[in-house]
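Top line first, the protein sequences correspond to chains V and Y.
Using the numbering used here, the letters of the first sequence correspond one by one to residues 1 to 275.
Using the numbering used here, the letters of the second sequence correspond one by one to residues 1001 to 1217.
Among these hints, one or two may not hold up.
To be verified - Only part of the chain V face toward chain Y is listed, based on derived beta-carbon distances under 10 Å:
#, residue
1, Leu107
2, Thr109
3, Leu110
4, Met113
5, Pro122
6, Ser124
7, Ala234
8, Phe258
9, Pro261
10, Thr266
11, Thr271
Unchecked claim - Listed next, the in silico DSS-like pairs over lysine-lysine satisfying Cα-Cα at most 30 Å (straight line):
#, chain 1, residue 1, chain 2, residue 2
12, Y, Lys1014, V, Lys117
13, Y, Lys1086, V, Lys253
14, Y, Lys1210, Y, Lys1014
15, Y, Lys1070, V, Lys209
16, V, Lys264, Y, Lys1014
17, V, Lys123, V, Lys95
18, Y, Lys1118, V, Lys264
Hints were generated in silico from the structure; no laboratory data involved.
Beta carbons: idealized from backbone N, C-alpha and C, even for Gly.
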Amino acid sequence: MSISFVTETPKKELPSIHEANKQSNQVVFDTKQLNLWYGDTHALKEVDLLIYEKEITAIIGPSGCGKSTYLKTLNRMVELVPTVKISGNITYKNKDILDRSFKVEELRTLVGMVFQKPNPFPKSIYDNVAYGAKIHGIRNKKILDEIVERSLKGAALWDEVKDRLKENAYGLSGGQQQRLCIARTLAIEPDVILMDEPTSALDPISTSKIEELIQTLKKDYSIIIVTHNMQQAARISDRTAFFLNGEVVEYDKTEKLFSNPNDKRTEDYITGRFG
Amino acid sequence: MARENFEEKLLQLKNQVLLMSEMAKIALTQAVHALDKQDEIQAQTIIEQDQQINDLEDEINNYAIWLIAKEQPVAKDLRHLVTTLKVTNDIERIGDLAVNIAKAVQTIGNETVHVEKKAIIHMAETVEKMIDVVIEAFFHEDIDKALTVAEMDDKVDKQYAETVTEMLHYMADNRNEINAITQLAFVSRYLERVADHVTNISESIIYLVKGKYVDLN
């Protein structure tokens, strides 16, 4: 009996992992030379950033580095600060969101937001979720029921609350309240969801549920998350931007940024040498 | 600077790797010495002491794994710990190859060997030098130094080819020494393997510093 050995490596038919990584989704937000001042404080400096559709983009950086400011610029919430001045461009799917002709109500319908602390309204679970639809003029009970169920299912909360939709939302646990706020955001069918430290007030189990949820939501939404939790950014995001003193020091695929960052300041921050 | 405690632990770990490499190098030096002198007692000591190297490897690896779990390192800190796990594996294999040489010494026993061992001794010196260089490169994270090891490995490969050819020629004319000469050819092979492990350590150092994989072998 003869034994033959394979002496040549078969030719690769599949693209390598790195090549696959290069394939990017469409750009949803394109930020160019963005500068922002709170009075005399220069909070964002020459920020250039591309946010991709149906990806999770994490923004990390020490306190006061401008990451929340940047997030709030994307739905123009930052304009609520009277002394704010902005220069540069942010386009949402090629439309300039800083242009006055772009209605802020329209922008905030497209770009939902979830905050650090769960902030349900002092209303029933049902009314919390139906609120957005109602102010958009939907009165039909059947449609509202559908929106509430779909949104609560989308936020992985339906099974836990379906039998007590009329109860006050304040009776839910912190983690459930945060998922309710996510459901409320989903109810208006946004395109992008901004999350500002959405798990920093939650226990580890609730945090884990929210993280799972965020990764499920990626299928349908583009998500931008500001987080102080480095491991969370590494676990759930596709890309990570590191902000420092209002500048973007480094922006890359999360895998690259956390395994072999280009900039010494990024390395020092993610390894806990400062911040 | 933050995380001083963690940095101190990384340094402790590095010192342990240094100790392990010293132990493996001593085992190798003694094995070659035992070969030169055909000292079976020394060979037996080397075989028995190998367990200490293996135990130290387990100790280092357990500690590195615990630090990964506890400190959740990223970037260079993570590469440092991953490199430690890889480097200790190479050092442990060097220890095993020293044991293989010691066993060859026992197999040869007190048989009369007329073949010149100088070539093997010379090869062993190059390999020992490689170990010194690579450990210094690991400690100081010195890529340039790590790369010099690859050049030395080429030299060892050449010495190995010459030594084996020489042995085969000698064997043809000295059939009564076939057993001993075969063992000496094996020893050359073991030394060449040690050089390969040292080169692997060089590759690990480059990964540690640059985060890139290179193939120096």
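Results of checking the hints against the structure:
1. Leu107: Hint violated; Leu107(V) Cβ to chain Y Cβ min 35 Å, cut 10 Å.
2. Thr109: 37 Å, violated
3. Leu110: Given a least distance of 34 Å, the restraint on Leu110(V) is violated.
4. Met113: At about 28 Å, which exceeds the 10 Å cut-off, the nearest Cβ of chain Y leaves the hint on Met113(V) violated.
5. Pro122: Violated, about 39 Å.
6. Ser124: Hint on Ser124(V): violated, closest Cβ of chain Y at ~41 Å, above 10 Å.
7. Ala234: 7 Å, holds
8. Phe258: Cβ of Phe258(V) sits 5 Å from chain Y, so the hint holds.
9. Pro261: 6 Å, holds
10. Thr266: At 8 Å from the nearest chain Y Cβ, Thr266(V) passes the 10 Å test, so the hint holds.
11. Thr271: This interface hint holds because 5 Å falls under the 10 Å limit.
12. Lys1014(Y) with Lys117(V): Given pair Lys1014(Y), Lys117(V) is violated - Cα atoms ~43 Å apart, limit 30 Å.
13. Lys1086(Y) with Lys253(V): 26 Å, holds
14. Lys1210(Y) with Lys1014(Y): This hinted pair holds, its Cα atoms lying about 18 Å apart.
15. Lys1070(Y) with Lys209(V): At roughly 22 Å apart (the allowed maximum being 30 Å), Lys209(V) and Lys1070(Y) satisfy the hint.
16. Lys264(V) with Lys1014(Y): 22 Å, holds
17. Lys123(V) with Lys95(V): Violated - the C-alpha atoms of Lys95(V) and Lys123(V) are around 36 Å apart, more than 30 Å.
18. Lys1118(Y) with Lys264(V): 50 Å, violated
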